[in-house]
Structure formats: C-alpha cells, structure tokens
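There are 2 protein chains.
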Amino acid sequence: METSVKIEDVIVLGGTHGDEMSGVCLVRKWLNGPPLTAETCEVNPYLCNVEAIKLCRRYKDCDLNRQFTEENLKSALADGELSYEVKRAREMNEKFADTSGTRFVVDLHNTTSNSQLCLIVDDLDNFTLHMCRYIQQAFPKDVCRILMLGGGVINGDTLCMVKRGITIEVGPQPQGVLRADIIDLQEKAVKLSLEFIDKCNKGVCFDSCQIDGYTRSKKVDFPRDSHGDIAGMIHQNLQDQDWKPLTRSSKVLRMFNGDDVTLRDVTDDVGVEESVYPMFVNEAAYYEKGIAFYLANKTCVTLPTLKLNN
Amino acid sequence: METSVKIEDVIVLGGTHGDEMSGVCLVRKWLNGPPLTAETCEVNPYLCNVEAIKLCRRYKDCDLNRQFTEENLKSALADGELSYEVKRAREMNEKFADTSGTRFVVDLHNTTSNSQLCLIVDDLDNFTLHMCRYIQQAFPKDVCRILMLGGGVINGDTLCMVKRGITIEVGPQPQGVLRADIIDLQEKAVKLSLEFIDKCNKGVCFDSCQIDGYTRSKKVDFPRDSHGDIAGMIHQNLQDQDWKPLTRSSKVLRMFNGDDVTLRDVTDDVGVEESVYPMFVNEAAYYEKGIAFYLANKTCVTLPTLKLNN
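Keeping their order, the protein sequence lines are chains A and B.
The numbers in the UniProt record's numbering rise by one with no breaks, and the one at position 130 of the first sequence is 130.
The numbers in the UniProt record's numbering rise by one with no breaks, and the one at position 126 of the second sequence is 126.
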C-alpha cells in the first residue's frame, strides 16, 4: 500500500520547446478561456519558452528542457550574464517552487517520430505510474506507451523531473505544424491526468496492478562523414516503426551509397534472442544531438495499491 | 511543332531552404561523389543557402526563394549593406547567368504537406511541360502532379523562374528531417529530368499530347485571434488530403473551440457545381506567410510536338 498526498495544484506546461505546437496551442487556448479546470485542485496552464515560441524554434540560445540543473538554478551569475533559457529556468523554478510536494507538473511535448502517445515518467513514482495506467486504459491498444526513466534522470535537468510530474509526448507532428489528430490525443491525455488526480484527491483507491513500460537502453547516431554531416538515413524499414521489435538482423539505417546497415552493425549490446524496441525514430531535434533513434527494453512493473493519506 | 535548343548544362539546387533535407542531402551526396551525370550535358549540383543549411533553418535573414528580384539583383548597395540571402541571390545570379538559354535549373524542395511529388513549372514553357509529362509517366497514378504557374511568376522572384527550370517539391517531410521514401522520390524525379534532357538533346521527338495540371487559385489563412496567433487549425478531414477535391460544404478548418469551418465559410469564390483542390495543406513555412492551404483548379494543356532545333 502506498499513500499519496492531496495534489493542490497542477501546472500544465506548453512550449518548453517553442516549435512543438500542440502544447503551445492547448495552453494558449486554456489561457484565453474557457479555462482548463479540475474539481479538487487548481490548474495553471503556462507558456514556458516565450521567446522560442515567438521564433517558432525549439529554443533561442539553448534547450530549456536541459537547463533545470542545480548549477544553473543556484548560479551566482547576474541575469544579464545568463542565456535566455537559463534565466527562464530560474524564473520558472522560483515561480513553481514546491516544498510541500502538493504540486504536479504536466509537460506537453511533440516529436516528429511516430511515437503516438508516449508518457514519460520517473520509474520510482508510483502515483504517476498509476496515472499512466489510468490514461493508457482510456486509449485503444498501441496508442499509449509508458517510458520509465530511472533515478539518474530524477536528479536531472528537466522541469518535470525536478518536480513531480509527467511528460506527455505526442507524434508524429512536424515542428512548427499543428495537426488536429495530435492535439486531440494530447488534450485527451491531459484531461485524463486531471481526472485521475480528482479521483485520488477524493480518496478513490487504485488497486495493486502490473503495468508494461519501456526503459531507455541506448542511443544510435546517424552515420557521419568527416565533416560531421550525416552520411545516411533511417532505413525505410524502420521509418515510422517506433515500438515495433527489432532483431539483430533488422535493417535500421541506409547509407547514401545505398548500403543497408543492420542493428548488429551499430551495436554489440543486443543478444541473439533478445528483442529491443526503437523509439524517437527520426526526431528532428535529435539530429544535432547525435541521435537517429533510441533503443528501449520492455519492462513490467508491479504497482502497490494507491490511496490518499487522510 | 515547337523546337528546343540543346541544353548544355543543368544546375541542380539543394538547400534553397536550409531545413528541406532531401535536396540538401542529395546535392551533398553528388558533390562528394560519385557525381550526378548526364550523357549529353554537364550537371552541376549546388548548395544554395549555405548559412541556413548550417543553422538547419529555412533561411537566415529572409527567404532566399523570394530574393531573385530585379531590384535585389541590380541593387547599387554594397554587399555589407545587404542581408545574407540578398547577397547570395546576387552571387548565384552572377554565377549562373544564362544569356544563351542553354542552361536548365532543377530546384529541390520539401514540404510538410502530403503533396507527394509536385512539379512546379512555368505554364508557357513547353519544353519543361514535356519534361513533366515524361517524369509523371514513370510514377504510379496519383504520385506526381504538375503545378503550372502563370506569367506573373515568370517575372517573379525565384531562381527557377528567372532561369528556365523546374521545381521538384516532395512531401510530406518535416523540416530538418530526412525520410528515405521522400529522398527516393526526389532522386528518381531528378534522374528522369536528366533522362528527358538527354533524349531531347539527341533529337528524340516528343509528340503533341495533352497533360493535366493544377493552377493556383487562392490562398486560405488560418483563423487568427487579435494577437495574430492561430485560433484554429486544419480540419482533420482535410489533413493529408492534398489534391482531393473539395466542395463548398467540405470542412476545412476547425476552431480551437471545436467549431467546424467549411470551404463556403472561407471563400465565396467557389461555385456550387465546381470542384477545387487543396494543396500545400499545413505546410510549416506557410504559417508565417498567412497560408493554411492553397486552393487549385484543374486544367488540361495541349502540348505541341517538341523537337531539337538542329
């Protein structure tokens, strides 16, 4: 049995990346009214990277989603000496400081990969894992997956992991484009997260259960030439095939000269009998980070019964 | 009967827009070798907006594809006083100056819309229209369309229209992403254009024929709020439905409040009995230009027999 505290308010973040349009447009819609509400707590939609949103770019100076580090948040440097995103991270951290643990953050993201609905959570946070299950059950099979990030990320650099929260990542959607199907998926997931919080806050008990999720195992880069430019691309067999199992002989990349590259060619880490799962395949923002796709493993987690501590 | 001059060289342009990756990667591939060749003429691949390619953005200061104006090209201003793209337009115009009419330009573009392969050409240029037909016939039905731009555009501001040429636009592909299916379509179209030029240069006669094409009739913007931000989106019925006929009652936009907007609501120009065709639906770069999609009409053009003048 795990007991949860009552959630007093929920921050819904759009535009952590300025060109991920469904979060930007949902938050704007709720700010312009009618507002997004819950029965048992406050809900505050918030636009994060305002300058990047104006530019319709991921970021202005650096990726806001990597700036919530201890070093940045406690930096002795004056605002004028900091990049826009570090300043913004400090502002947001002050505004949303959460000492009582009664705040919950929902961070809205898009990807160009065919992820469908991907809920990114801390693998040790049973409250949020129960929320994921609640959201997942409202969608048809294979629409909603759960990506569980380990302890290393909890002490990480994204707002959602500094506070308690969930990242709702939806794709495929090009940067700077808003698709009706994608915004609908995201809005439904946000409303389900609030529904879950309301139920919890009212004392509804969530039974012990098992949930399937994915854990990140490895990143694979594009082949590169001596200038660092890509020398190949995602193989046509892998394009749009996020979450579909790969084996060692699966073709994953194709060189510009036409040669196929198998999974075996890019990693020794995958056993002969093992299945691995690709995710974030051909995400636009990952080209500069040296990531063509991630490999994930499947995992199954047993959740304890969850009930409000009252 | 129309006679054509022998084409002496072909310039293949990639990266007119720096984040349209299939042109950038094809041109880089051909520059790094093995080279792109034709039997009867020189072929010169060329990267246009080098700074924008580095940034992986459409442009640095302004859209290069709109800078080949008389005013810019003949400006008395010194280079230091001009934006990067105007300077680049001048450089390119000098480098590719074509007084003999024996040069042909192939300009490679991508769109986030589900255009498939769209050949954009001058509607008065029978040589290039014959080339379009040659390319189109090598693809299955509904893969390759021809967009015929009128005389106003010939005296326009894109390199391809200042010189004789063709724009090969392929989608859907997010900005900053390279998809194998899209680059393959584009490469095949480029090779077919060279094949056609070789045949013409060798004296092959192309018979008089009819071809179907589209002409641009009208642009439709997103609904906007008082800040100029979008207040709605492409309707789910229209998303990815480029080139599929619309009637006056077709739902084309959806407001954030859920209200549907029909074609009749956004234009009075479409007759009751008339079919119009949407194109460039949800193209990322058009948000800032105030274009949610274009409407096109279908047209049928009779081409005269084409033969080399020798």
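Derived by calculation from the structure, the hints in this document are not laboratory data.
Remember, it's a predicted structure, so these values are computed and weren't measured experimentally.
Some hints could be false.
To be verified - Distance condition first, Cα-Cα at most 25 Å in a straight line; then the derived DMTMM-like pairs of lysine to aspartate or glutamate:
| id | chain 1 | residue 1 | chain 2 | residue 2 |
| --- | --- | --- | --- | --- |
| 1 | B | 199 | B | 2 |
| 2 | B | 95 | B | 142 |
| 3 | A | 191 | B | 259 |
| 4 | A | 251 | B | 181 |
| 5 | B | 54 | A | 225 |
| 6 | A | 54 | B | 221 |
| 7 | B | 188 | A | 260 |
| 8 | A | 188 | B | 259 |
| 9 | B | 60 | A | 61 |
| 10 | B | 6 | B | 123 |
| 11 | A | 54 | B | 123 |
| 12 | B | 29 | A | 71 |
| 13 | A | 54 | A | 187 |
| 14 | B | 191 | A | 61 |
| 15 | A | 60 | B | 229 |
| 16 | B | 29 | A | 225 |
| 17 | A | 199 | A | 187 |
| 18 | A | 202 | A | 8 |
| 19 | B | 191 | A | 260 |
| 20 | B | 219 | B | 265 |
| 21 | B | 29 | B | 195 |
| 22 | A | 244 | B | 184 |
| 23 | B | 60 | A | 63 |
| 24 | B | 307 | B | 39 |
Hint by hint, here is what the structure shows:
no. : hint            : in the structure
1   : B:199 <-> B:2   : 15 Å, holds
2   : B:95 <-> B:142  : 37 Å, violated
3   : A:191 <-> B:259 : 20 Å, holds
4   : A:251 <-> B:181 : 15 Å, holds
5   : B:54 <-> A:225  : 15 Å, holds
6   : A:54 <-> B:221  : 19 Å, holds
7   : B:188 <-> A:260 : 19 Å, holds
8   : A:188 <-> B:259 : 18 Å, holds
9   : B:60 <-> A:61   : 15 Å, holds
10  : B:6 <-> B:123   : 20 Å, holds
11  : A:54 <-> B:123  : 38 Å, violated
12  : B:29 <-> A:71   : 42 Å, violated
13  : A:54 <-> A:187  : 22 Å, holds
14  : B:191 <-> A:61  : 41 Å, violated
15  : A:60 <-> B:229  : 19 Å, holds
16  : B:29 <-> A:225  : 11 Å, holds
17  : A:199 <-> A:187 : 19 Å, holds
18  : A:202 <-> A:8   : 12 Å, holds
19  : B:191 <-> A:260 : 22 Å, holds
20  : B:219 <-> B:265 : 14 Å, holds
21  : B:29 <-> B:195  : 19 Å, holds
22  : A:244 <-> B:184 : 24 Å, holds
23  : B:60 <-> A:63   : 20 Å, holds
24  : B:307 <-> B:39  : 18 Å, holds
Violated hints, in rising order: 2, 11, 12 and 14; the structure is consistent with all others.
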